[in-house]
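> As given, the protein sequences belong to chains U and E, one line each in that order.
For the first sequence, counting from 1, position 434 maps to 434 in the numbering used here; every step adds exactly one.
For the second sequence, counting from 1, position 64 maps to 64 in the numbering used here; every step adds exactly one.
Where hints are given, some of them may not hold.
Unchecked claim - Incomplete in silico selection of chain E near chain U, CB under 8 Å:
{"hint": "1", "residue": "13"}
{"hint": "2", "residue": "82"}
{"hint": "3", "residue": "83"}
{"hint": "4", "residue": "84"}
{"hint": "5", "residue": "88"}
{"hint": "6", "residue": "92"}
{"hint": "7", "residue": "102"}
{"hint": "8", "residue": "104"}
{"hint": "9", "residue": "130"}
To be verified - Label pairs and their computed distance ranges (CB to CB):
{"hint": "10", "chain 1": "U", "residue 1": "447", "chain 2": "E", "residue 2": "40", "range": "51 to 61 Å"}
{"hint": "11", "chain 1": "U", "residue 1": "447", "chain 2": "E", "residue 2": "36", "range": "52 to 62 Å"}
{"hint": "12", "chain 1": "E", "residue 1": "134", "chain 2": "U", "residue 2": "293", "range": "30 to 40 Å"}
{"hint": "13", "chain 1": "E", "residue 1": "139", "chain 2": "U", "residue 2": "439", "range": "19 to 29 Å"}
{"hint": "14", "chain 1": "U", "residue 1": "355", "chain 2": "E", "residue 2": "40", "range": "47 to 57 Å"}
{"hint": "15", "chain 1": "U", "residue 1": "304", "chain 2": "E", "residue 2": "43", "range": "39 to 49 Å"}
{"hint": "16", "chain 1": "U", "residue 1": "452", "chain 2": "E", "residue 2": "57", "range": "53 to 63 Å"}
No lab work stands behind these hints: they were computed from the structure.
Even for Gly, the Cβ is constructed at its ideal location relative to N, Cα and C.
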Amino acid sequence: MSDIALGTKAVPDIAASDIVETVPSALIILDRNLNITSANRAFYQTFRTSPAETEGCHIYELGNRQWDIPALRSLLESVIPHRASVEGFEVEHDFPTIGRRIMLVNARKIFRPGDHDGYILLAIEDVSEERAARAESRRNWQLTQSIVDTIRDPLVVLEHDMTIVTASKAFLTIFEITEAETQGRRVSELGQHQWDVPALRHLMEKVLPENKPIESFEIEDDFPGLGRRVFNLNARKISQPGNHTNRMLLVFEDITDRKQRERDAQVLTNEISHRIKNNLQIVVGLIAYEARSTAAECVQGYKAMQARIGAIAQLYDLISQSSRGRTVAVDAYLGEIAETMSASLLGNTSGIKIEVKAEALDIDPDRAVPFGLLVNELATNAIKHAFPGGTGRVVLSVERVGDQIELTVADNGVGMKDKDSAKVPEKRGADYVAIFVRQLGGTIAPPESDGPGTTVRIRLPLLLVPPEGAERVAA
Amino acid sequence: MLRVLIAEDQLMIADLLADVLTANGYEVCGIARTVDEAVTLGELHQPDLAVLDVQLARGGRGPEIARRLNSRGKFGVLYTTGEHARTSTLTLADGEAAIVKPYSVEDLVRALEIVREIATSGTATPPFPPGFRVLPAPALA
């Protein structure tokens, strides 16, 4: 390149060639006969050739005539002679040395003072990879679009400003809207503004900046042509590799039918519950009939019987409150038992408090009834006998100890010594406790009553906990 | 003697109720198994109190009876129900109180006394029997 003189300016010659050498684009200079007068380092590197093979060579002869390309010929022979410069001329060619390439060629005629023929400077940029990436990106987008269109759930892709970039075919069909009506508009502006819900807008604003997906946001409304529907909205951030713009995918899942099934199941549950309660009521009624014609000393027993049947009915409710899956959450269940006992046995004004300290553990519904009856029996006993003064505390706790569950019912009352006179009902109660513990496959530690109060500890096998993977649903 | 209307589709339970209420000094002025029967009996006898099962025969519901007889200000209503308090939709617009099944007869008698108290004086005096609750004010629409 040193033969391109820069005239007599103060800038030294070396500057021009240095610049040319450091430019990342491949540069070559041709004379008017299209012979190469020089090329830069980028050219030699890109096309794997050397100055010796290149300089003085006719461009078409270079490298086994691999530059004898019709597109380049048309540039050099038809376009250049009539124009001072050409930019972005695209040449796609299969080069024997470097394979198929797409080249972007910029050409400029340069004249030296007193020389009217001039030279041609060609800057050649290899855009193969960029073009491939762009084509790949286009294919990806087309693929995305076709996936979007095949998904049955309606979905939209949103721009950073919440305007719609694309809406799937399902979206357009279900909400009876045209593509043109969606583009550039916000979801909240669509239709009858069914999606214009502040809570949803608030969540959507967090999806992109905080990368916080929306999971199952429920909207129930009347939709023209659809009637009353329930939709579950899910949104997440999507990013294209190599592209810094983030977009949001918003999916509308129609859960109307599922919701209806849930409601039907609830109705059925209520119906079954109603029947069970009615049957228990009949049993309680039968006992009441018998009690009336029974000797006075036996009436207490009949009453205790009624109370226990009542407890079973309550547990039935509590179990359905504490579970929705295949297990019952013990912590929630104990809480419900304590709450119910407080309400029914104690009333709001009582000085006796029932507390629950429970680990998050599960038991299967089959064992929830004997477990609940056991807790009921122990706690009732404490409430009835531990607090002659009418104030105190009963703590129900459950914790995992090795491969067992430890159930503890502790009170801070008067302790055992004061009530060992073996009254019949307590004796019966103790029998029930033993039965429930056996039913659950556990063991009962002797009541501790060293200090104030009484503590009953019961070890139950961890078998109560269903196998891993069972669905746990808290109350 | 206070007159009580009973709506209960399980005759076994209805009979027990009637028996117990009579023994406790009430006059049972009718036992209905459906909403229509209860409304007819209610209009005829103008009761002071009603013990209404929430879920009646043929899909009928107790609150419907109270609504059709325009119970508010006229007679006190105690619901008997298998529904858990948390899932129940009953409010003070439907009646005064509810007691869950299965209830013991003593508790029902006590519950009805409280309903009478609320209906006449607007207040209820604890202690309340197990499974009994005063119905909450309806949520503002």
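> Indicate, hint by hint, whether the structure satisfies it.
Evaluation of the provided hints:
A distance limit of 8 Å between C-beta atoms decides the matter here; for residue 13 of chain E the minimum to chain U is near 5 Å, and the interface restraint holds. At about 3 Å, the closest approach between the beta carbon of residue 82 of chain E and any beta carbon in chain U falls short of 8 Å, and the interface hint on this residue holds. The interface hint given for residue 83 of chain E is met, as the beta carbon of that residue sits about 7 Å from the closest beta carbon of chain U, less than 8 Å. Satisfaction of the interface hint for residue 84 of chain E is found here, the shortest Cβ-Cβ separation to chain U being roughly 4 Å, below the 8 Å cut-off.
Taking 8 Å as the C-beta contact cut-off toward chain U, the hint placing residue 88 of chain E at the interface is violated, the least distance being around 10 Å. Among the interface hints, the one on residue 92 of chain E is violated; its C-beta lies about 19 Å from the nearest C-beta in chain U, farther than the 8 Å criterion. Hint status for residue 102 of chain E relative to chain U: holds, with the closest Cβ pair at about 4 Å, below 8 Å. Taking 8 Å as the C-beta cut-off, the interface hint given for residue 104 of chain E holds, the closest approach to chain U being about 5 Å.
Against a cut-off of 8 Å between C-beta atoms, the interface hint on residue 130 of chain E holds, since the closest Cβ of chain U lies about 3 Å away. Separated by about 59 Å at the C-beta atoms, residue 447 of chain U and residue 40 of chain E satisfy the suggested range of 51 to 61 Å. For residue 447 of chain U paired with residue 36 of chain E, a C-beta distance near 58 Å keeps the hint of 52 to 62 Å intact. Between residue 134 of chain E and residue 293 of chain U the CB atoms are about 34 Å apart, so this pair conforms to the stated range of 30 to 40 Å.
Taking the beta carbon of each, residue 139 of chain E and residue 439 of chain U are about 43 Å apart, not inside 19 to 29 Å as hinted. Distance hint check for residue 355 of chain U and residue 40 of chain E: the Cβ-Cβ separation is about 52 Å, which falls inside the suggested range of 47 to 57 Å. For residue 304 of chain U and residue 43 of chain E, the hinted distance range of 39 to 49 Å is satisfied, since their beta carbons lie about 42 Å from each other. Restraint check, residue 452 of chain U to residue 57 of chain E: a C-beta distance of roughly 55 Å satisfies the suggested window 53 to 63 Å.
Checked against the numbered hints given earlier, the structure breaks hints 5, 6 and 13 and satisfies all the rest.
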